[in-house]
Each structure stands twice: as structure tokens, then as C-alpha cells.
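Under the UniProt record's numbering, think of the first position of the sequence shown as 1, with each following residue one higher.
Careful, some of the hints might be misleading.
When the alpha-carbon atoms are kept at most 30 Å apart in a straight line, the in silico DSBU-like pairs for lysine-lysine are as follows [claimed, not checked]: (1) K270 x K326; (2) K304 x K270; (3) K181 x K135; (4) K129 x K53; (5) K135 x K124; (6) K234 x K290; (7) K53 x K290; (8) K326 x K228.
These are computed hints drawn from the structure, not numbers from a lab.
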Amino acid sequence: MLIIDEELSKTNPVYSKIEEYYDPRDIIMFDIETTGLSASSSFIYLIGVNYYKDGTWHITQYFNDDGRSEPQIIETFMEFILDYKYLLTFNGNTFDIPYVSKRLESINDHFHMNIRDNFSRLTKIDLYKMIRPYKTSLGLSNLKQKTIERFVGLNRIDQMNGGQLIEVYFDYLSTDDARSKSLVLQHNRDDMDGMFYLADILALKALSEGEFSVADLSMSGTERLKLKISLDLKHFPDMDIASMYHDKNSALNKAGLSSPLLMISSDERKAYISLPVEHGVFIHFYEDYKNYNYYPELDEAFHKDLAPTLTEYKCEKAKALNCYTKLEGFFVKKYKFTELESYYSFDETSSGAASKNKLTPYAELTDDFLGNEKILNSFARYTVKTILGV
1 MLIIDEELSK
11 TNPVYSKIEE
21 YYDPRDIIMF
31 DIETTGLSAS
41 SSFIYLIGVN
51 YYKDGTWHIT
61 QYFNDDGRSE
71 PQIIETFMEF
81 ILDYKYLLTF
91 NGNTFDIPYV
101 SKRLESINDH
111 FHMNIRDNFS
121 RLTKIDLYKM
131 IRPYKTSLGL
141 SNLKQKTIER
151 FVGLNRIDQM
161 NGGQLIEVYF
171 DYLSTDDARS
181 KSLVLQHNRD
191 DMDGMFYLAD
201 ILALKALSEG
211 EFSVADLSMS
221 GTERLKLKIS
231 LDLKHFPDMD
241 IASMYHDKNS
251 ALNKAGLSSP
261 LLMISSDERK
271 AYISLPVEHG
281 VFIHFYEDYK
291 NYNYYPELDE
301 AFHKDLAPTL
311 TEYKCEKAKA
321 LNCYTKLEGF
331 FVKKYKFTEL
341 ESYYSFDETS
351 SGAASKNKLT
361 PYAELTDDFL
371 GNEKILNSFA
381 RYTVKTILGV
């Protein structure tokens, strides 16, 4: 077994990004290189580890340089991780961790060894699993590590992919060729370096979990009013995001005008939600419609207790879809946010909707809403989560 340890730059802010979320002394990252996908018919030839020691991040590589060192590599790695609380990977829950565990079990059986599987002692953080819910909202074509690295600002060009490097590794074993050795080590080293960039996925998760507050409100536009809610993020991602909620109820040609938009500029350190504002007549439904009468001339419903004051108008028993009152004002879509009263577009309801459940709920822009810090923050957090699709 060959061990290569590299001390990383203390001045590169990318390497300290993870420290916003975890004590660096408690967390390690790892990635494996194997001669195949099946643990029963292939083996590990390289394990890369990122760890923190004495104020500096390191990349250590355990290299199976003779084709026989896999047991020693796994045993050394398992002993090493005992000092940590968290294990960060990219798709490690699905591939790396179960692969290592199966190889460990096979080695123990075959060589009568007693290597302990210490994975259960650590809390696993899988960045692939974490970013998967955001694939559509972020416009990612796939969830490969290099695709996400490009999204977060790391552009690297591999000379070879993992599959091609298997042959290179076997060539190295038979020839001891220095270039072949360099290729396989560099590929893994780049993957480990990329893990620091992928830590921005944690900022995305923090954003979707509402780790921010509303910093400011403003209105813009003349014909198309927009409510801009500026956000103060606890963790600012080093990536640009322009994500729009896909409103299935909006016509395709109007979706861009009527859907909420989340904007994040990493260079300007700005984040905000842009909400289209609708002005017009909206209606609010009364739930207990059996206690109301509907007045066709007024096109509104009133409680039966008020009937003696409305004798000049004809009335009928209210139904679920006409038991409402009308209000003119400014409104934004609130979807399933429950802390504000629901209003519905009068134009939409008058078009013959068969059920209230098919209508889009709005919230009125009142001082009680916009001036209530608690409700405003709650609404902003709900909206961000809705846009991101989680």
C-alpha cells in the first residue's frame, strides 16, 4: 500500500466552506476507485480521504500499488474513521459505503481476518441524495458529480473517466508506468478536491429548510407589478440560481409572467424572491355555506342572520362555489400556505371551475401581512421551498 498525503492551501476559501456547517475536526470525506461496479467480482484500488488536521485540510490517498493491498487499505481506512463523527460522500450511501462493506466482509471470510466495519459509528451525509430533489428546479441535465461541479463553478477536464482508468490501473500493475500511476491518482485527487466545491449543496439544503430571513420588501413595474422579497441568507451558496416555480395551472405562454422566481447572485451576494402581483377583484369563500344565502344581483353571499336587512334582493341557498364575498385589491399566489386567508381570482371562478380545489389560492397584500415579520418570514420560507420543489 502506498499512502500519499497532500496539505491543501490555507488561503483558498473553498476549502473552508464546509466549516460553516460542521466542526472540521469532526468530519471526513471519502471516495473510492474500483476495478468494477460489483463488489463480488472486482476490488478497491484507491481510497481518497479529505480530513482536517492542525488547522489545515489534507487529501490522503490509500493506493493499492501492488494489486494485493486492498485488505490493508480497508483496515487502515476503517481505523482512521474512528476519530470522526460525520462521513461526507457523493452517492456514497448507494455505492461507496456498501461496496467497501461487502469487500471487507469478503476479505474477512477469505483471509480469516477480523477487520471491523466502522461505518455505523458515523453519521452519513450523502450530497447526491441531498441535491436530487432540486434537479428540476436547478435545471440540471443529470446528477453526475462533474455536472454538479460545473454548476457550482468548478470546471475541470478529465483526461479519462473512471471506467477507462480501470485499464490504466491494470497497465500500471504490469508495467509500473509512472504516467499510468499519475493518471489514476490525479483522477481521484480531483474528485476529492471537487468535494469541497460540492459543499455548496449544504447551502442549498439550508436555503430550502428556511435558514434565512426577509431583509427588505419593494414593488416594481407598472403594467406588471412585482413584489420583491430580499433575503438575508445564513449560508450563501457560491452559485447563481434562477429558478421559477412550474405552475401547472398556468397556460404555457403566461407561466413566466405568473410564477414566483427565486434569484441568487453569488457575485453580488444578493438573493430575492420575485412574486407577480395581481390587481383586481378577488373572492373569499365561506366554508359553512349552508348558513349563507347567495344574492345573484349582488353576486355575493351573506349570512342568513343578515337576511332581514337584504329583503329588497332575491336570494337562494348558497352553494360551495357561490358562497363568497368580493374584494378589490392587490394579491400574490400563496399556493398551500395556510397562515393567510385564501382569495381566488374572480375571472378564474367565473369561468366555470367545477371545484374550489382546482382554483389557485392568493393572499391579499395588506399591512397586516407585509408588516408582520413572523408571517412574512414564514411565507418567504414556504415560497422558496415551493419554488425548489421540496
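* Can the restraint linking K53 and K290 be considered satisfied, given a maximum Cα separation of 30 Å? -> Given that 30 Å is the threshold and the Cα spacing comes to 70 Å, the pair is violated.
* To do: Could you grab the alpha-carbon distance between K270 and K326 and see if it respects the 30 Å cut-off?
  => Given pair K270, K326 is violated - Cα atoms ~38 Å apart, limit 30 Å.
* Asked: Under the criterion that the straight-line Cα-Cα distance not exceed 30 Å, is the pair K326, K228 satisfied?
  -> Measuring from Cα to Cα gives roughly 26 Å; hence the hint holds.
* Starting from K181, check that the Cα of K135 is at most 30 Å away, please. => 35 Å, violated
* Asked: For the pair supplied as a hint, K135 and K124, is the alpha-carbon distance within the 30 Å limit?
  -> 21 Å, holds
* Hint consistency between K129 and K53 [alpha-carbon to alpha-carbon, up to 30 Å] -> 28 Å, holds
* Hint consistency between K304 and K270 [alpha-carbon to alpha-carbon, up to 30 Å] -> 52 Å, violated
* Asked: Under the criterion that the straight-line Cα-Cα distance not exceed 30 Å, is the pair K234, K290 satisfied?
  -> 48 Å, violated
The structure shown violates the earlier hints numbered 1, 2, 3, 6, 7.
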